[in-house]
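Asker: The lines below spell out each chain.
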Amino acid sequence: MTDQDLDQVIRRMAQTPLSRRGFMYAGGLSAAAAFLAACSSGGSSSPSAAATTSAAPTSAASEAPTASAAPSVAAVVVEKELFMYNWGDYVDPDNMKAFQQEFGVDKFTYDTFASNDEMMAKFQGGATGQWDISAPTANFVPAMRDQGFIQKLDLPHIPNAALIDDTFKKQWWDPTDEWQLPKDWGTTGITVRTKFVKEEVKTWKAFFEVAPKYTGRIVIVDSPDDVFVAPLKALGYSLNSVDPTELGQARELLLALAPHVLALDSDQYNTKIETGEAVLGLTWTGGILELRDKPATADVEYLIPDDGTVFWMDTWVVLADAPHPNAANAFLNFILEPHHQALETMTNQYASCSSAAKEFIDPKVTSDPALYVPADVQAKLEGQKDNSGSKLRASIYEEFKSKIGQA
Amino acid sequence: MAETTEAVPVRPARPPRSIRSAALTTVLVLPASLWYIILLVLPLAIVVVMSFGLQGNHGSYAPGFTLDNYGSAFERLTPFTTSLWLSLAGTILCLLAALPIAYFIATRAGRRKSLFIVLLVVPFWTSFLIRTYAWLTILGPDGLGGFIGDSIGDPGFRILGTPAAVLLGVVYGYLPLMIFPIYVTLERMDRTLVEASKDLGAGRWSTFRQITLPIILPGLLTGSILVFIPLMGEYVIPAILGYGRVFLIGNQLVLQFLESRNWPEGAARAVVLILIMLVSVIFYLWFANRGRKTREVSVI
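Listed in order, the protein sequences are those of chains A and B.
Following this note's numbering, the numbering of the first sequence begins with -2 at its first residue and continues without gaps.
Following this note's numbering, the numbering of the second sequence begins with 19 at its first residue and continues without gaps.
Here chain A stands alone, though its shape is the one from the complex:
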């Protein structure tokens, strides 16, 4: 009995990660989630559907002469294994398969985390040398660098790094561009089912105002950095504020919102919007944008609030003590090839940081203002700082979380 009990606890500890950007159950469930997804293509989940529709550009692209980089990468011996630690379902399964075939990588292990903080906690707990590649959000890169969790990139072996747009280079998190490669970027915005929500919700301010009318029908991603965006921007402050008075005001807005929230959910928020359980959301674009193409959920709208929101960027990093550095380099170079980037963008629904990929992406996607944000809207976006040291933010978030759904 005790054994079973223990077994259960261990299993639970090992398998709790729920994916932030994923759209399917399996993402958080198994250590090799994406591998499973790749095997079960044509299954019930949305990513495989997305993969099939986007198969055409891939094959078309691979017929074209591929990037000049391939030979120099092949010159080194690529290991037979690659261990990745990433958000759930955050790499296109077809890309993974293609990479494995091209470089003879037999074993592609894909472990998942649910938040940057969880990933950080794992490394702080001493879990180095287990994985080759990870994908933290940019504002976590400096802390990872300072604590020695990541290593400098072997850029000569990743020639495709040159394809990254200048906009994403020389940022505060990596002024010399030698620790990370931009993976993709996105926003945190408001999702509305216009069938059910008649009011115009174009700002965070309006979001807080209409919330009491939709008690129990609001879904919010479970991520402190993103949750603080809403009240701080509604109040006209910086989303990185650590000022006690400003945070105090933000706290009041959050606590007033909490009783009306259906769920804090980084994993299934899109499902809740799809079923209509939730009609209003503070979400990312992943899993949401595709809903607009389904007849039953054509009324879904994702908008970037007029009072501004966060611009976040996820990065690729190579971990310190990576057991398979060559495979890691090969993967990074592979994934940065324009047609692979295109597939990533269409599957994950986050914009690529390389405009070279644009020509391989469905024009419908590149003309979508929710993904490829127009310049005037871009001006309203604010980058993230590393606010994880603020105890006040942490305690406000905890209080908010404990009040969800409590009248």
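None of these hints come from the bench; they were simulated from the model.
Wrong hints could be hidden among the right ones.
Partial list, derived from the structure: chain B residues whose beta carbon lies under 10 Å from chain A [stated by the list, open to error]:
id: 1; residue: 77
id: 2; residue: 209
id: 3; residue: 264
id: 4; residue: 281
All residues carry an ideal CB built from backbone N, CA and C; glycine is no exception.
Mind docking chain B on chain A? Use the hints.
Answerer: Same frame as chain A, but now just chain B:
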């Protein structure tokens, strides 16, 4: 009853121990002790040490000494009281559900006894998380929740995201832990005692109260502890079936370790929780044993 109580104190005199058997004992006990020290004592010691430490620059832990963590451990007790409430309710519901099932398997299942036992064990072969996710579909808007909502004409009705859904998930997940200990005691119980009781004119209820219940009490206690203790640390079921609307001490600890990354404060809270659990379980056992002794005395 008198017979069974007499049987307990009779203990054969110990044969003198040889050096060889002492050595053998050491060897046999060694793996268990190592397991105990490495997987229980050591981590616990780390947690205790950490609970007096400071939060590091990038979160996590930095060496130091402070009592502040314990000061803040007693702030915001709602998650603790919610956990306590849910654990008690969950344990009682498991008890009520497990008793008839265990009774049925032990006394009425006949040849199919092992089949039922296997059926109880089979779910453990599937990940607990997957089984919990399965309830999302069953109780969701396309499942039972939507069906009931349609039937009573309330589109806002839902089961998921309520304490009821969490309780259901809890009873589902922990029920086997309650059934097995009760089943074992029932299985070993001497049936003739029940017959004797009935021959002496006791009705069903008083037979159950005076014969069956005292005999299966150790099973009930074991089962309750096996369910209650892990339930106090539960955090997966409220996150999935409770939509995060049911916020337990386990969720608070996860938040402190993984999101706020304030390990010392989380550790202090964990130590307080462990102490409370320890004291309450000791008290529970003491109380239960005392109860049994007085009953035996009254019978004699």
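Asker: If a hint holds in the structure, say so; if it doesn't, say that too.
Answerer: A quick look at each hint next to the structure:
1. Checking residue 77(B) against chain A: minimum C-beta separation of about 6 Å stays under 10 Å; hint holds.
2. Evaluation of the residue 209(B) hint against chain A yields a violated restraint, the C-beta minimum of about 24 Å exceeding 10 Å.
3. For residue 264(B), the interface hint holds, the least distance from its beta-carbon to any beta-carbon of chain A being 8 Å, beneath 10 Å.
4. Against a cut-off of 10 Å between C-beta atoms, the interface hint on residue 281(B) holds, since the closest Cβ of chain A lies about 8 Å away.
In terms of the numbered hints stated before, the structure departs from hint 2 and from no other.
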